[in-house]
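Trainee: Chain by chain, the residues:
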Amino acid sequence: MNWNILLFQVFPYVALALLIIVSFQRMRGKPFSVSSLSSQLLERKLLYFGSVPFHWGVLFILLGHLLALLLPQGLLLWNAVPMRLFVLEITGLALALWTLGGLLVLLYRRLSNRRILAVTRPTDVIVLLLLLVSILTGILTAVMYRYGSFWFPSVFTPYLWSIFTLRPRPELVADLPFWIQLHVFNFWLLLAVFPFTRLIHIITVPLGYLWRPWQLVIWVRKHRRLQPIPPAAPPYPTSAKPQAALQDKGGAYGSD
Amino acid sequence: MNVRAHVSMTFHLDKCIGCHTCSVACKNLWTDRKGTEYMWWNNVETRPGTGYPTGWEDQERFKGGWEKKNGQLELRLHSRARGLTNLFYNPALPELDDYYEPFTFDYQHLFSAPEGDDQPVARPVSMITGEPLNLEAGPNWDDDLGGSNLYAQNDPNWAGVAPEIQAQMAEIERVAFNYMPRICNHCLNPACVAACPSGAIYKRAEDGVVLVNENKCKGWRMCVAACPYKKVYYNWATGKSEKCILCFPRLETGQAPACFHSCVGRIRYLGAILYDADRIATAANAETQELVQAQLDAILDPFDPQVIAAARANGLGEDWIKAAQASPVYKFVKVWKLALPLHPEYRTMAMLFYIPPLSPIVSSIEEGLVRLELPPEKVDFELFNHLEKARLPLEYLANLFAAGNVEVIKPILRKLLAVRIYKRRQSVEGSIDPATLKIVEAAGTTPEEIEAIYQLTTKPTLQERFVVPPYHREMATEVWNDPLAHKGETGVGFIELPVRGD
Numbered sequence: 001m002n003w004n005i006l007l008f009q010v011f012p013y014v015a016l017a018l019l020i021i022v023s024f025q026r027m028r029g030k031p032f033s034v035s036s037l038s039s040q041l042l043e044r045k046l047l048y049f050g051s052v053p054f055h056w057g058v059l060f061i062l063l064g065h066l067l068a069l070l071l072p073q074g075l076l077l078w079n080a081v082p083m084r085l086f087v088l089e090i091t092g093l094a095l096a097l098w099t100l101g102g103l104l105v106l107l108y109r110r111l112s113n114r115r116i117l118a119v120t121r122p123t124d125v126i127v128l129l130l131l132l133v134s135i136l137t138g139i140l141t142a143v144m145y146r147y148g149s150f151w152f153p154s155v156f157t158p159y160l161w162s163i164f165t166l167r168p169r170p171e172l173v174a175d176l177p178f179w180i181q182l183h184v185f186n187f188w189l190l191l192a193v194f195p196f197t198r199l200i201h202i203i204t205v206p207l208g209y210l211w212r213p214w215q216l217v218i219w220v221r222k223h224r225r226l227q228p229i230p231p232a233a234p235p236y237p238t239s240a241k242p243q244a245a246l247q248d249k250g251g252a253y254g255s256d
Numbered sequence: 257m258n259v260r261a262h263v264s265m266t267f268h269l270d271k272c273i274g275c276h277t278c279s280v281a282c283k284n285l286w287t288d289r290k291g292t293e294y295m296w297w298n299n300v301e302t303r304p305g306t307g308y309p310t311g312w313e314d315q316e317r318f319k320g321g322w323e324k325k326n327g328q329l330e331l332r333l334h335s336r337a338r339g340l341t342n343l344f345y346n347p348a349l350p351e352l353d354d355y356y357e358p359f360t361f362d363y364q365h366l367f368s369a370p371e372g373d374d375q376p377v378a379r380p381v382s383m384i385t386g387e388p389l390n391l392e393a394g395p396n397w398d399d400d401l402g403g404s405n406l407y408a409q410n411d412p413n414w415a416g417v418a419p420e421i422q423a424q425m426a427e428i429e430r431v432a433f434n435y436m437p438r439i440c441n442h443c444l445n446p447a448c449v450a451a452c453p454s455g456a457i458y459k460r461a462e463d464g465v466v467l468v469n470e471n472k473c474k475g476w477r478m479c480v481a482a483c484p485y486k487k488v489y490y491n492w493a494t495g496k497s498e499k500c501i502l503c504f505p506r507l508e509t510g511q512a513p514a515c516f517h518s519c520v521g522r523i524r525y526l527g528a529i530l531y532d533a534d535r536i537a538t539a540a541n542a543e544t545q546e547l548v549q550a551q552l553d554a555i556l557d558p559f560d561p562q563v564i565a566a567a568r569a570n571g572l573g574e575d576w577i578k579a580a581q582a583s584p585v586y587k588f589v590k591v592w593k594l595a596l597p598l599h600p601e602y603r604t605m606a607m608l609f610y611i612p613p614l615s616p617i618v619s620s621i622e623e624g625l626v627r628l629e630l631p632p633e634k635v636d637f638e639l640f641n642h643l644e645k646a647r648l649p650l651e652y653l654a655n656l657f658a659a660g661n662v663e664v665i666k667p668i669l670r671k672l673l674a675v676r677i678y679k680r681r682q683s684v685e686g687s688i689d690p691a692t693l694k695i696v697e698a699a700g701t702t703p704e705e706i707e708a709i710y711q712l713t714t715k716p717t718l719q720e721r722f723v724v725p726p727y728h729r730e731m732a733t734e735v736w737n738d739p740l741a742h743k744g745e746t747g748v749g750f751i752e753l754p755v756r757g758d
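Residue numbers (my numbering), protein chains in the order written: chain W, 1 to 256; chain X, 257 to 758.
These are calculated hints, taken from the structure and not from any lab test. You may find that some hints are simply not true.
Here are the simulated lysine-lysine pairs, DSS-like style, with alpha carbons at most 27 Å apart [said to hold, decoys possible]:
(1) X:Lys666 <-> X:Lys694
(2) X:Lys715 <-> X:Lys666
(3) X:Lys271 <-> X:Lys290
(4) X:Lys715 <-> X:Lys679
(5) X:Lys590 <-> X:Lys666
(6) X:Lys634 <-> X:Lys694
(7) W:Lys45 <-> X:Lys290
(8) X:Lys290 <-> X:Lys472
(9) X:Lys290 <-> W:Lys30
(10) X:Lys666 <-> W:Lys30
(11) W:Lys30 <-> X:Lys472
(12) X:Lys634 <-> X:Lys590
In isolation and in its complexed conformation, chain W is listed as follows (with noise of 0.2 Å):
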């Protein structure tokens, strides 16, 4: 086994099995130790300049990384007029540089603000700095290897499709320079680290919160829905059992 297939075959399988596992489990089974640990109550001002342009950053970056895994030929075809392909460069790039400048000020915040220190774990900061490297060589990417949206539809879109389809094919990485190599291997370090770290808040972003009604109102104990007491009968039934009862209409979970 060489180092190839080590980090962009058996790694990514690795990283993919531990996301995929270890999330559902966290979820599942401490869902307490899941939360965006916000930290604005503690600061505020650098947090807006930090987390606003990084969180919108990454997630038009993210966006665009997706659109061309999924859609290359679309792409392609985009890219074949010159001027669309300079005008999606600059945005990616700008929108880097941008992300770039909100991981950097959130950094700062995170190591120098006291209160925010005071909050800090380790996984906190190794998640700044995993970041920090994968928007680095991004840029080292775009930069010195134009142009990235040209070349990634007959690279990465087959790599990631080889991973996620179960047919690796490593070798279409192997031969790419250092920075574009440790931008690919620090993307499956992100997916492995995922579930250990605040990066799970990520798959509970809530959405739902666009349709789901207004007010929450929960029945507790259901059984005094499902089973009126008649007004004759004592206030604490002594013979009867309730679950008799209840099992006529599915149970204490029945539908209210």
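Starting from the structure of chain W, add chain X where the hints point.
Mentor: Same frame as chain W, but now just chain X:
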């Protein structure tokens, strides 16, 4: 009619002595953990004042509660889409300094200080960073500072009060203030529930207690901003929101919440009321001046046979209906019409009702003598007819409890005064003169009602103050499981410690 029960509350502000026993009882029970030091689920404010967190009523800044937009009820904080885009940074969230940085004192230094010329002192240190701190705010920092230009004069409830009256309230010899204890209002139309993107906050249908599901909470902190009373707090150590739980473990075992039980002035009353859940939407959307009445209309008469039948049909037990009939809250709020929700204009329909306080008569000191602005003969009668001469301005109280509508406050103060005048004549002079009876009539009450108000106000027993409906915890297991199976299963499983995740 969709009848539900609500464990509701009344605070009698005339009886509050501002001792903060409630706050301490709550603090010791619920918020002495790391990350919660700054939280006061129960706090007692000096009014006029800016309260806790400082200036919480300034909704231009904190965006709490609901507002009417084009006839529709909308959160002041955000629309649904805006709520999602504000996840990364919530512009309306108060920061720690709006509360205060929690601190302790470096007592160890008293023992470990090296020998020197000066006595060692215990310096205050932050409970977050552990570093020395210059104290600029703390719990009850503005306690008793009525008239202070830092706190009392910045009270948002001065809106519409004449400048000369405000100036008068700032004069050292004319200062008047009262205490206002605040806990979560367990609203009927809670803005915190509506603002939570994760759907982690909910209202228990059985008793109306509003709770945060700590497992579902993801720390998006919208509830903190959306609650107009600022009674949801963010635990900076665990990354979860926390709030008053109305001591539901105590309620479910038949005890009043700790702050109620420990109240020295016995100002707190707790009891179930029945309300019509179908009327919430229209009541919350009423015209500003009619908000109080609309909310009172949603509260139902527990003696009405129709209401009882509807309650039974909705699964409410006889014991809860009986508890609602014995509820002191129902008496104060609906029968005697003495209690009002705090800031009804927030449209959350708070279910904690306040009996507004009476206050002394405006006076001045001339050549060392107190001169009242009303004739001193039968001064209580005079005050009854000249409520504007009470030191706490009517407009101020109206801004607190009636969305600025003075006409809602007046009859309450008159009735409270009538009780005083009547009982004073009765106990001091022994007989009731026609003038007193005229006052009683003018206040829209009767000697019998006055007697009842007097009894429940001055000498209620514990059982009369707190009518906790039976929760039947003893039946809880049987409802969910076979009791024998349950017995065999308890003790197996893992409970997650409430600690911050990575």
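Trainee: Now tell me if each hint is right for this structure.
Mentor: Each hint tested on the structure:
Restraint check for X:Lys666 and X:Lys694: the C-alpha separation of about 17 Å stays at or below 27 Å, so the hint holds. Pair hint X:Lys715 plus X:Lys666 holds up; C-alpha atoms about 25 Å apart against a cutoff of 27 Å. With a C-alpha separation of about 34 Å, the suggested pairing of X:Lys271 with X:Lys290 is violated against the 27 Å cut-off. Taken as a hint, the X:Lys715 and X:Lys679 pair is honoured in the structure, with Cα atoms around 13 Å apart against an allowance of 27 Å.
Distance hint between X:Lys590 and X:Lys666 is fulfilled; the C-alpha atoms sit about 16 Å from each other, no more than 27 Å. Our distance criterion of 27 Å between C-alpha atoms is met by X:Lys634 and X:Lys694, whose separation comes to about 14 Å. Restraint check: the Cα-Cα separation between W:Lys45 and X:Lys290 comes to about 24 Å, which is no more than 27 Å; the hinted pair holds. For the given pair, X:Lys290 sits about 20 Å from X:Lys472 by alpha-carbon distance, which is consistent with the 27 Å threshold.
Using a Cα cut-off of 27 Å, the hinted pair X:Lys290 and W:Lys30 holds, with the two alpha carbons roughly 20 Å apart. Of the supplied pair hints, the one linking X:Lys666 and W:Lys30 is violated, its CA atoms being roughly 54 Å apart against a limit of 27 Å. The hinted pair formed by W:Lys30 and X:Lys472 meets the criterion: a straight-line CA distance of about 11 Å does not exceed 27 Å. For a cut-off of 27 Å, the pair hint linking X:Lys634 to X:Lys590 is broken: about 31 Å separates their Cα positions.
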